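Student: Listed below, chain by chain, are the residues.
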Amino acid sequence: MADSKKRPPCVLGFYQTVARPSGEICGGVLITSHLGRPIEFQCSLPIRPNATQQTLYGTTLMPFIKGELIAEALYDKLSAKPDILFVTDPDCVAEGIWGEIGVVCFAEFPNGQEQQITRNEKGFVTANHLVAFQKMQPKLKEYLPESASLQEPLVRVEQALDEAMGQAA
Amino acid sequence: MNSTNEKSPLLLPAPRVDQLRKELKVQSLASGANGALKRWPQVGVNEQKLLTRPGFVPSWKPYWQKPQTLQIAFPDIIEFQQPKPEGKEREQLRSLKPPGAESEGEPKRPARKPTRIKPPDDLLSMEDRLFYILQPPLENWLSGQELVMPFEPFSYQYEGIAWLFAQKSALLADEMGLGKTMQTITAVRLLLRSGQVRRVLMVCPKPLIPNWQREFKLWAEELPITQMEGDGARRKMLWQMTSIPILLTNYEILARDLQNLEDEEMPKFDLVVLDESQRIKNRDSVTSQVIRRIPRRRSWSLTGTPIENRPEELASLFEFMGVVPPRSNPDLRQLKKLADVYILRRTKDLVQPDMPPRLDRDALLDLSPAQQSAYQIAESDGIVQLNDLGDEITIQHVFELVMRLKQITNYDPLTGESSKLERLLADMEEIAASGAKAILFSQWTKTIDWLYERTKQFGTLVYHGGVPTKKREPILKQFKEDPNSHLLLMSYGTGAVGLNLQFSQYVFLYDRWWNPAIEDQAINRAHRIGVKNPVIVTRFICQNTIEQRIDLVLQQKREIFEKVLGEGDTSTTSLSMNAAEVFGLFDLKAKASKGTKSIGPKAA
Numbered sequence: 001m002a003d004s005k006k007r008p009p010c011v012l013g014f015y016q017t018v019a020r021p022s023g024e025i026c027g028g029v030l031i032t033s034h035l036g037r038p039i040e041f042q043c044s045l046p047i048r049p050n051a052t053q054q055t056l057y058g059t060t061l062m063p064f065i066k067g068e069l070i071a072e073a074l075y076d077k078l079s080a081k082p083d084i085l086f087v088t089d090p091d092c093v094a095e096g097i098w099g100e101i102g103v104v105c106f107a108e109f110p111n112g113q114e115q116q117i118t119r120n121e122k123g124f125v126t127a128n129h130l131v132a133f134q135k136m137q138p139k140l141k142e143y144l145p146e147s148a149s150l151q152e153p154l155v156r157v158e159q160a161l162d163e164a165m166g167q168a169a
Numbered sequence: 001m002n003s004t005n006e007k008s009p010l011l012l013p014a015p016r017v018d019q020l021r022k023e024l025k026v027q028s029l030a031s032g033a034n035g036a037l038k039r040w041p042q043v044g045v046n047e048q049k050l051l052t053r054p055g056f057v058p059s060w061k062p063y064w065q066k067p068q069t070l071q072i073a074f075p076d077i078i079e080f081q082q083p084k085p086e087g088k089e090r091e092q093l094r095s096l097k098p099p100g101a102e103s104e105g106e107p108k109r110p111a112r113k114p115t116r117i118k119p120p121d122d123l124l125s126m127e128d129r130l131f132y133i134l135q136p137p138l139e140n141w142l143s144g145q146e147l148v149m150p151f152e153p154f155s156y157q158y159e160g161i162a163w164l165f166a167q168k169s170a171l172l173a174d175e176m177g178l179g180k181t182m183q184t185i186t187a188v189r190l191l192l193r194s195g196q197v198r199r200v201l202m203v204c205p206k207p208l209i210p211n212w213q214r215e216f217k218l219w220a221e222e223l224p225i226t227q228m229e230g231d232g233a234r235r236k237m238l239w240q241m242t243s244i245p246i247l248l249t250n251y252e253i254l255a256r257d258l259q260n261l262e263d264e265e266m267p268k269f270d271l272v273v274l275d276e277s278q279r280i281k282n283r284d285s286v287t288s289q290v291i292r293r294i295p296r297r298r299s300w301s302l303t304g305t306p307i308e309n310r311p312e313e314l315a316s317l318f319e320f321m322g323v324v325p326p327r328s329n330p331d332l333r334q335l336k337k338l339a340d341v342y343i344l345r346r347t348k349d350l351v352q353p354d355m356p357p358r359l360d361r362d363a364l365l366d367l368s369p370a371q372q373s374a375y376q377i378a379e380s381d382g383i384v385q386l387n388d389l390g391d392e393i394t395i396q397h398v399f400e401l402v403m404r405l406k407q408i409t410n411y412d413p414l415t416g417e418s419s420k421l422e423r424l425l426a427d428m429e430e431i432a433a434s435g436a437k438a439i440l441f442s443q444w445t446k447t448i449d450w451l452y453e454r455t456k457q458f459g460t461l462v463y464h465g466g467v468p469t470k471k472r473e474p475i476l477k478q479f480k481e482d483p484n485s486h487l488l489l490m491s492y493g494t495g496a497v498g499l500n501l502q503f504s505q506y507v508f509l510y511d512r513w514w515n516p517a518i519e520d521q522a523i524n525r526a527h528r529i530g531v532k533n534p535v536i537v538t539r540f541i542c543q544n545t546i547e548q549r550i551d552l553v554l555q556q557k558r559e560i561f562e563k564v565l566g567e568g569d570t571s572t573t574s575l576s577m578n579a580a581e582v583f584g585l586f587d588l589k590a591k592a593s594k595g596t597k598s599i600g601p602k603a604a
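From first to last, the protein sequence lines stand for chains A and B.
The first sequence maps to residues 1 to 169 in my numbering.
The second sequence maps to residues 1 to 604 in my numbering.
Check the hints yourself; a few may be wrong.
Derived DSS-like pairs (lysine-lysine); straight-line CA-CA distance at most 25 angstroms [stated by the list, open to error]:
hint, chain 1, residue 1, chain 2, residue 2
1, A, 135, A, 6
2, A, 6, A, 81
3, B, 113, A, 77
4, A, 122, B, 113
5, B, 113, A, 81
Simulated from the structure, these hints should not be mistaken for laboratory data.
Keep in mind it's a predicted model, so treat the numbers as computed, not measured.
With these hints in hand, go ahead and build the complete structure from the sequences.
Tutor: Here's what the structure looks like:
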């Protein structure tokens, strides 16, 4: 019996946010191995955009809250940085926050290029993340199981955030 | 320039430039003393501090405080060395495909809803709850992505594994034949791999040790199992070795080795699993007390029969599981509430609604005249003898009478008359004509041999403890393959466990066993997963005899079980009769100074 302490060949990140009807938003990022086994989870406490933020950011408030404010806090605290990040909400894709990590969004968004991620899943990648994504593509092909669903861990993150927000309330 | 001229474009007037004199005009006085006034004055700029702080900063950059975060780190995976494959068989086991990975040309299986691990209701810590929520679906773990399984588990088995994985206290009470062992082994495998447990103690009855070893090898071949055996010194060393992931022992060794240890000397475990946990139903037994003293973080019980006689037995299991305080006696309502949280029980009807049903029918028969006469003599003589024993009467005396009477209901030893045999022959004519097969169970090998002589026309075969072990397998093979072999006579003791006879459509219970769970085990040889046709079970019960009285007592006890574990549970349970109930089969009275008094222990 031996602990497997080495970093998996392909470390995946899954970032998801949930918003409450009351206006509170929280986000979480799950880091897993290429087989979906969790390695680390970071989630933010719920935050509510204040009046100044609403006035200043206007229609870009959500991309700011989800893509910058929460994402940056989570990224800074992550011990295991992912090789690639998956999101479902285009608002979560912010340029610059995730550094050199390629970000793939499962929902279509402006300026995104459609890419084949696994046998059954396609995603959108912005021009800024394209180089990082293309660098990771051979690894994804090599290590991800054929039947893997990369949207499934995002459901886990969403459920975890619901649970965390429920307890925090 | 005329700006009002409409035909001309609008032009602004040219700016007027007045010339200014640049000389500084200074008049000199007559004295001529102010000639310096003709020079330009010297002008400079000096910095001066403000007297007060200004009230407005014209430039402003927003700063937002970062949200607070919560981190959960997951334990590292524990790798176990894979054993070397043993030939073709192992290779075949590894060729299983994960769900959704069908090859071309293969019919597509309907998509199965992934089985997620849910945190137990009594788990309060957010970190602990999130740990379970964030685990991948079991199918991802077990269908070749990370762990190899020899066979794909059924949906209810996935659910059972997910439930066990998250439970600190659990009683898995699935009906026999649904795979309690496999579910437990897989849950243990996942806990060990995910680093949730590092030291597991498995306790089972001694005869089941080889069974557990075999099942571990099949379902978790990479897990090293250490059996507690050898002399006292070796066993002491094994108890102290913390590096053993799974220690397998039986109840007797455990009680013997640990009963004299002080609390601080007790070996510590992350998980203690008790198979056939009704063995600790008596709280005051040495085994129960020793097991409860073992320091552990998780406590699991496995039994198909959590209540054998009284609901208090379930309380003893709950005490081991740490969900009730020591010596507490929860009432039926409380037990029901605890059962909802800590017991997982599924029946075949529940998990396999498509499984062909088991049709039970009681054949209520009248004794033949010769049997009737023999029975009455035996009963009246026997009761007189028991009454004469007075307070010296023991359970053994009553048992002897019960056995004698039960044998007469099977056949009259003098004349060989038997109403059960008549009915059996009539049924077997039809069964043999339709080409079907039947199994008959009796508790006596003597009865089986007697029946064999009278049912040879159906190609009858015999399988009981008197048959040498080497000959047993060929008998089963012949029964399965020979179209002329329609009846297999078996004893409860030998044929009730571990055989797959699901090709038989008929089961006869020639006489009643004391414990319906044993009868069920016997019936489950034919009615099990893989059965293609309904299984018809016929219980022979002679009216107005001891058989009918036993049946009544057992029926009443079933009702207690249903009250605690739910009315939907249609399976039979282990409700064997206790001493008071065996005495209660007869109205025994001893002579007293004034009239008579009842004999025997009082009912609980």
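Student: None of the hints should be skipped; say for each whether it holds.
Tutor: Hint check:
1. Pair hint residue 135 of chain A plus residue 6 of chain A holds up; C-alpha atoms about 21 angstroms apart against a cutoff of 25 angstroms.
2. A hinted pair counts as satisfied when its Cα atoms are at most 25 angstroms apart, and residue 6 of chain A with residue 81 of chain A qualifies at roughly 14 angstroms.
3. Our distance criterion of 25 angstroms between C-alpha atoms is broken by residue 113 of chain B and residue 77 of chain A, whose separation comes to about 34 angstroms.
4. For the given pair, residue 122 of chain A sits about 22 angstroms from residue 113 of chain B by alpha-carbon distance, which is consistent with the 25 angstroms threshold.
5. Between residue 113 of chain B and residue 81 of chain A the CA atoms are separated by roughly 31 angstroms; this puts the pair beyond 25 angstroms, and the hint is violated.
The earlier numbered hints that this structure contradicts are 3, 5.
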